[in-house]
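Going letter by letter, the sequence shown gives residues 905 to 1133 in the working numbering.
These are computed hints drawn from the structure, not numbers from a lab.
Some hints could be false.
Claimed, not checked - DSS-like cross-link-like pairs, simulated, lysine-lysine; straight-line CA separation at most 25 Å:
id : residue 1 : residue 2
1  : K908      : K982
2  : K1049     : K1106
3  : K1001     : K1049
4  : K1106     : K1001
5  : K1026     : K982
Unchecked claim - The calculated label-pair distances, taken between Cβ atoms and stated as ranges, are:
id : residue 1 : residue 2 : range
6  : N1084     : T1117     : 27 to 33 Å
7  : R1070     : T942      : 27 to 33 Å
8  : R1109     : L1033     : 46 to 52 Å
9  : G957      : R1070     : 35 to 41 Å
10 : G1080     : G1108     : 50 to 56 Å
11 : G985      : R1126     : 36 to 42 Å
12 : M905      : E1092     : 24 to 30 Å
13 : A1073     : R1126     : 28 to 34 Å
14 : E1119     : E1011     : 28 to 34 Å
15 : V1076     : E969      : 22 to 28 Å
We treat Cβ as the ideally placed atom computed from N, Cα and C, and that holds for glycine.
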Amino acid sequence: MQLKGQVALVTGGGRGIGRSIALAFAREGADVAVAARTRSDVAAVCNEIEGLGRSALAWQCDVTERDQVAALIGEAEKRLGPIAILVNNAGIAAGAKTAEMDDDLWERILRVNLTGTHLCTKAVLPGMLGRGYGRIVNIASIGAKVGLLYSAAYCASKHGVLGFTRSLALEVAGRGITVNAICPGFVETAMTDEGIRRIVTKTGRTPEAARETLEALTPQHRLIHPDEV
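When you get a sec, could you build the whole thing from the sequences and use the hints?
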């Protein structure tokens, strides 16, 4: 158990990639705080974690709200201990042509994907610096490295996450803290399912053809399973 005695926090941990990461940490011996906007989702994941013999905290949280993030960190450290590992996984996506995109939607995507990453990181960083140890992993996207059709807001937010990751890694280098980003391709998640539905709506393609379009963008020529991330 490589993570025995450590505490991890996973945002967006109620399903998909976040759920898989939270369970993987538990299997390696970590106690895990799981946060997401849907209480029932995080409760179910925490039940699985406890079934693996680890302690868990289920917490409903909107990562764009500073006070909610502070409450999450405070309760996690009170119940489980100092956070050694943070995975910023919370994220949303929505497709629209730039000329037609609602300004509020643009702001919401950037706030969840980019500002949420900043707020959660800022909340755990003082403790990590004080202890001289921390691991921060930001879940970016293939959209952090390339452009995706009808996804200007999403790609802008994920490019921002990648830039944030690189800058913070330099800032804390030599302090016992590492900061990395993972840029998955298209993963078998509800978010990808919604993306396929958007392609069907906007292009008139069949769901099968839309799925093949996404599969063609991945090296394996298939969608990735969350456990592979």
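Okay, the hints, checked on the actual structure:
| no. | hint | result |
| --- | --- | --- |
| 1 | K908 to K982 | holds, 18 Å |
| 2 | K1049 to K1106 | holds, 24 Å |
| 3 | K1001 to K1049 | holds, 19 Å |
| 4 | K1106 to K1001 | holds, 10 Å |
| 5 | K1026 to K982 | holds, 18 Å |
| 6 | N1084 to T1117: 27 to 33 Å | holds, 29 Å |
| 7 | R1070 to T942: 27 to 33 Å | holds, 31 Å |
| 8 | R1109 to L1033: 46 to 52 Å | holds, 50 Å |
| 9 | G957 to R1070: 35 to 41 Å | holds, 37 Å |
| 10 | G1080 to G1108: 50 to 56 Å | holds, 53 Å |
| 11 | G985 to R1126: 36 to 42 Å | holds, 39 Å |
| 12 | M905 to E1092: 24 to 30 Å | holds, 28 Å |
| 13 | A1073 to R1126: 28 to 34 Å | holds, 31 Å |
| 14 | E1119 to E1011: 28 to 34 Å | holds, 32 Å |
| 15 | V1076 to E969: 22 to 28 Å | holds, 25 Å |
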